[in-house]
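Each protein sequence line maps, in turn, to chains Y and L.
For the first sequence, the residue numbers in numbering that gives the first Met the number 0 are 0 to 300.
For the second sequence, the residue numbers in numbering that gives the first Met the number 0 are 0 to 297.
In short, the hints are calculated from the structure, not lab data.
Check the hints yourself; a few may be wrong.
Which residues of chain L face chain Y? A partial, calculated answer using Cβ under 8 angstroms [said to hold, decoys possible]: (1) R53; (2) Y55; (3) I57; (4) E58; (5) I110; (6) A112; (7) P129; (8) N136; (9) P138; (10) L141; (11) M219; (12) T227; (13) S230.
Examples of chain Y residues lying across from chain L (beta carbon under 7 angstroms, computed) [said to hold, decoys possible]: (14) Q49; (15) L51; (16) H52; (17) P148; (18) V150; (19) E155; (20) T178; (21) A182; (22) D183; (23) D199; (24) N200.
The calculated label-pair distances, taken between Cβ atoms and stated as ranges, are [unchecked claim]: (25) Y/S269 x L/M107: 15 to 21 angstroms; (26) Y/D172 x L/S52: 25 to 31 angstroms; (27) L/E43 x Y/L42: 24 to 30 angstroms; (28) Y/K140 x L/L28: 34 to 40 angstroms; (29) Y/S173 x L/L125: 37 to 43 angstroms; (30) Y/Q91 x L/T272: 56 to 62 angstroms; (31) L/S42 x Y/G235: 19 to 25 angstroms.
Heads up, the beta-carbon is just placed ideally off N, CA and C, and yes, glycines get one too.
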Amino acid sequence: MLLILLVGLSACTSAEQTNTQSDSTSSTYIENKGSDTIVNLALAWAEAYQALHPEVRISVTGGGSGTGLAALANGTVDIANASRQIKSEEQQLAENAGYKPVEFVIARDAIAVIVHPENPINRLTLPQISQIFSGKINNWKELGGEDRPIVRVSRETNSGTHVYFLESVIRLDSKEDKTIFSADTLLLPSSEGIIAEVSDNPNAIGYDGLGYVTDDVKVLAVASKEGAVYIKPSAGTVNNGSYPIARELYMYTKDTPQGAILDYLNWVRSSEGQAIVSKLGFVPYKVMENKLFYYEPPRRN
Amino acid sequence: MSRREEIKELIITRIIQAAGYLSILFVALICLFLIREGLPALSEVPISSLLGSRWYPIEDYFGILPLLTGSLIVTLGAVLIAVPLGVGTGVYIAEIAPTWANEILKPMIEILAGIPSVVLGFMGILVLSPFLRQSFNLPTGLTAFTGSLLLGWAAIPTIVSVTEDAMNAVPRSYREASLALGATRWQTIWGVTVPAARTGILTAVMLGMGRVIGETMAVMMVTGNAPTLPSGLNALFLPVRTMTATIASEMGEVANGSTHYHVLFFIGLVLFTLALIINIVAFIVSHQRIKRAERLLS
Numbered sequence: 000m001l002l003i004l005l006v007g008l009s010a011c012t013s014a015e016q017t018n019t020q021s022d023s024t025s026s027t028y029i030e031n032k033g034s035d036t037i038v039n040l041a042l043a044w045a046e047a048y049q050a051l052h053p054e055v056r057i058s059v060t061g062g063g064s065g066t067g068l069a070a071l072a073n074g075t076v077d078i079a080n081a082s083r084q085i086k087s088e089e090q091q092l093a094e095n096a097g098y099k100p101v102e103f104v105i106a107r108d109a110i111a112v113i114v115h116p117e118n119p120i121n122r123l124t125l126p127q128i129s130q131i132f133s134g135k136i137n138n139w140k141e142l143g144g145e146d147r148p149i150v151r152v153s154r155e156t157n158s159g160t161h162v163y164f165l166e167s168v169i170r171l172d173s174k175e176d177k178t179i180f181s182a183d184t185l186l187l188p189s190s191e192g193i194i195a196e197v198s199d200n201p202n203a204i205g206y207d208g209l210g211y212v213t214d215d216v217k218v219l220a221v222a223s224k225e226g227a228v229y230i231k232p233s234a235g236t237v238n239n240g241s242y243p244i245a246r247e248l249y250m251y252t253k254d255t256p257q258g259a260i261l262d263y264l265n266w267v268r269s270s271e272g273q274a275i276v277s278k279l280g281f282v283p284y285k286v287m288e289n290k291l292f293y294y295e296p297p298r299r300n
Numbered sequence: 000m001s002r003r004e005e006i007k008e009l010i011i012t013r014i015i016q017a018a019g020y021l022s023i024l025f026v027a028l029i030c031l032f033l034i035r036e037g038l039p040a041l042s043e044v045p046i047s048s049l050l051g052s053r054w055y056p057i058e059d060y061f062g063i064l065p066l067l068t069g070s071l072i073v074t075l076g077a078v079l080i081a082v083p084l085g086v087g088t089g090v091y092i093a094e095i096a097p098t099w100a101n102e103i104l105k106p107m108i109e110i111l112a113g114i115p116s117v118v119l120g121f122m123g124i125l126v127l128s129p130f131l132r133q134s135f136n137l138p139t140g141l142t143a144f145t146g147s148l149l150l151g152w153a154a155i156p157t158i159v160s161v162t163e164d165a166m167n168a169v170p171r172s173y174r175e176a177s178l179a180l181g182a183t184r185w186q187t188i189w190g191v192t193v194p195a196a197r198t199g200i201l202t203a204v205m206l207g208m209g210r211v212i213g214e215t216m217a218v219m220m221v222t223g224n225a226p227t228l229p230s231g232l233n234a235l236f237l238p239v240r241t242m243t244a245t246i247a248s249e250m251g252e253v254a255n256g257s258t259h260y261h262v263l264f265f266i267g268l269v270l271f272t273l274a275l276i277i278n279i280v281a282f283i284v285s286h287q288r289i290k291r292a293e294r295l296l297s
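Only chain Y is shown next, with the shape it has when bound in the complex (with noise of 0.2 angstroms):
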C-alpha cells in the first residue's frame, strides 16, 4: 500500500516537473485558429512540423474564418486560419489592440465545372451555374445546348467542396440566400464517382476539385457574371485571381512573425509544406520560387 502510494506520488511529482518544462519552453507552443476549411491542411502541416519539430507545439482548432480573426484581434492565438481576406473593420479591431495583422497566402484552391466531352457548351456564368444546381435550368437546351436533361452531379454534403460550391455558386456569396442543391442532385462518394458518371453521361454536369480533374471531361470556363470575360481553371489563372471559383486561403499573424512562427510559415510555404497542400487536394500556392517563398522580416537597425 505504501509502496502504491510512493509510486502515484513520485509520479505526480515527475508530472509537475514536465509541466514546468514545458511552461518554460513556451515559445515553442503555437495556437492556430479559424477556417473551417483549412482546419484539416492546418493539423496536417501542425502533424508533419511537429514530427519534424519535437519541440514545437502547435494546437489546431476550427471554428470559422472570423472566429479565427477576432481572436487574433484579442490576442488570444498566434495564427489564425481564413479563406477570405481580413476585413477592414477586423484590420481596425486588431490595430486598436495594438497589432499589424500580416497576411499570409498558404494554399489555393480552385474547382472546376465539369461536363462530358461531347456536350456542345464550353462556358457558363457563374448565375447560370447558380440557377443550373438550384433547379431552376432543368435542360441543356436553356443554355444553347441540345435538348437534353441536366442531370446534376455532386459531391456528398459532408465535402467541404460542397459546401463552398453551396455557398459561392449557388449562393454567390449571399449569406441571405437559403437556396440549397435541387433534390434530385446526385451526391456521389467520391470525386472519382463524379469523373465516372461526368465522362459516362452526355446529359450530365458536375463540378469538382481542380487536381481531380482528368482527361475524359471538358472542362467549361466560366464567368463570374454576364458580359465577363470567361476563363478556364489552371494553376495560372487561379494563381493570377481570374478564375472565379478559386479563392484563397490565409493565414494571419498578429505582428510581424518572428522565432518559431516564422519557421513553421515558411515551412507551411516551402515546398515540403506546399506538397502538404497538392495531397489534400488544394492548390499549392506558388511552386518553387524561392525568392515569394520566404518572408523576410523586416531588419531592425
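Following the hints, complete the assembly by docking chain L onto the known chain Y.
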C-alpha cells in the same frame, strides 16, 4: 463414458452454450445502443420535419421520408426481379433439372452468393449504368432500377436455395398422386407441388428481401443518392437515396452527439425495425409450414 470424458464434454457444452448466449447478448446490446443514440433525434427534431420531404442535413433539413421511400423502391424492384428468377430456378432445380444440370447450377449459385457487393457495385457503375441509360434513354443510369437489378441478383441465391428446400420438403406421395390422376408434369408442379411449398417459398422471398434492404455498398455506388420523393411510377427509373447509403456516407464525418448524428442513428433504428418485421413475418410464415406439415401427417 469415463469421468474425464464427461468433464471434457461438459466444458465443451458450456463453451458452445456461452457462444450462443453471447450472440443474444450482442444483439440486445446493439439494439440498446441504437435506441440510446437514435431516440434523442425525436426530441431534437420536430416530428413534422422528421417526416418532411427534404433531406439536407448540413442545413438542418432532416426529412427521412425520401430515404425511406428510396429504400422501399429499391427493395420492391429487387424483389420483383429476384422472386420470379429465384423461385423459377429453385423449382427447376428441385423438380425438372437432370442431375448433370444440378451439378453445374448449384455450385454456380453458391458462387453468385459469394460475390462481394462492392464488386457488384463496380460492375453496376461501369457496365450496367451506362447500358441502362442508353437502352432506356434515361437522364442518368444511376437509378433505383440499377440498384434493384444488382440487389435482385444478390438476393437470387438466397431465394433459390430456400425455395429448393421447400420443394424438396413436399412429400413424394403428392407428386405421385397427381401424376397417377393423369396430370402432366407442368400441371403437377403448378397445381400441386408449388402450392404445397407455398409457405416455404414465402419464407424465401422474405429472406431475400431482408438481404436486399440491408445492402449498402452496391446501392451507394449505383443509385445516385439523390434524396427525392417518388412522384409516380417512373420513380423506379430515377435516382434515389437509401437509408443504408445515407448512414454509410454521412456517419464518418458527423460530429459525435450532434442532431445529425442522432438522426442517423434514428434511421438505423428504422432500418433495424424494418429488418425485424421482415424476419418476424418470415418466421411466422415458416412456422405455419411446420404446423401444416404436422396436420398433414396426423
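Fill in: Violated constraints from the hint list, given by number and in increasing order
Violated hints: 5, 6, 8, 13, 14, 15, 16, 20, 25, 28 and 31; rest satisfied.
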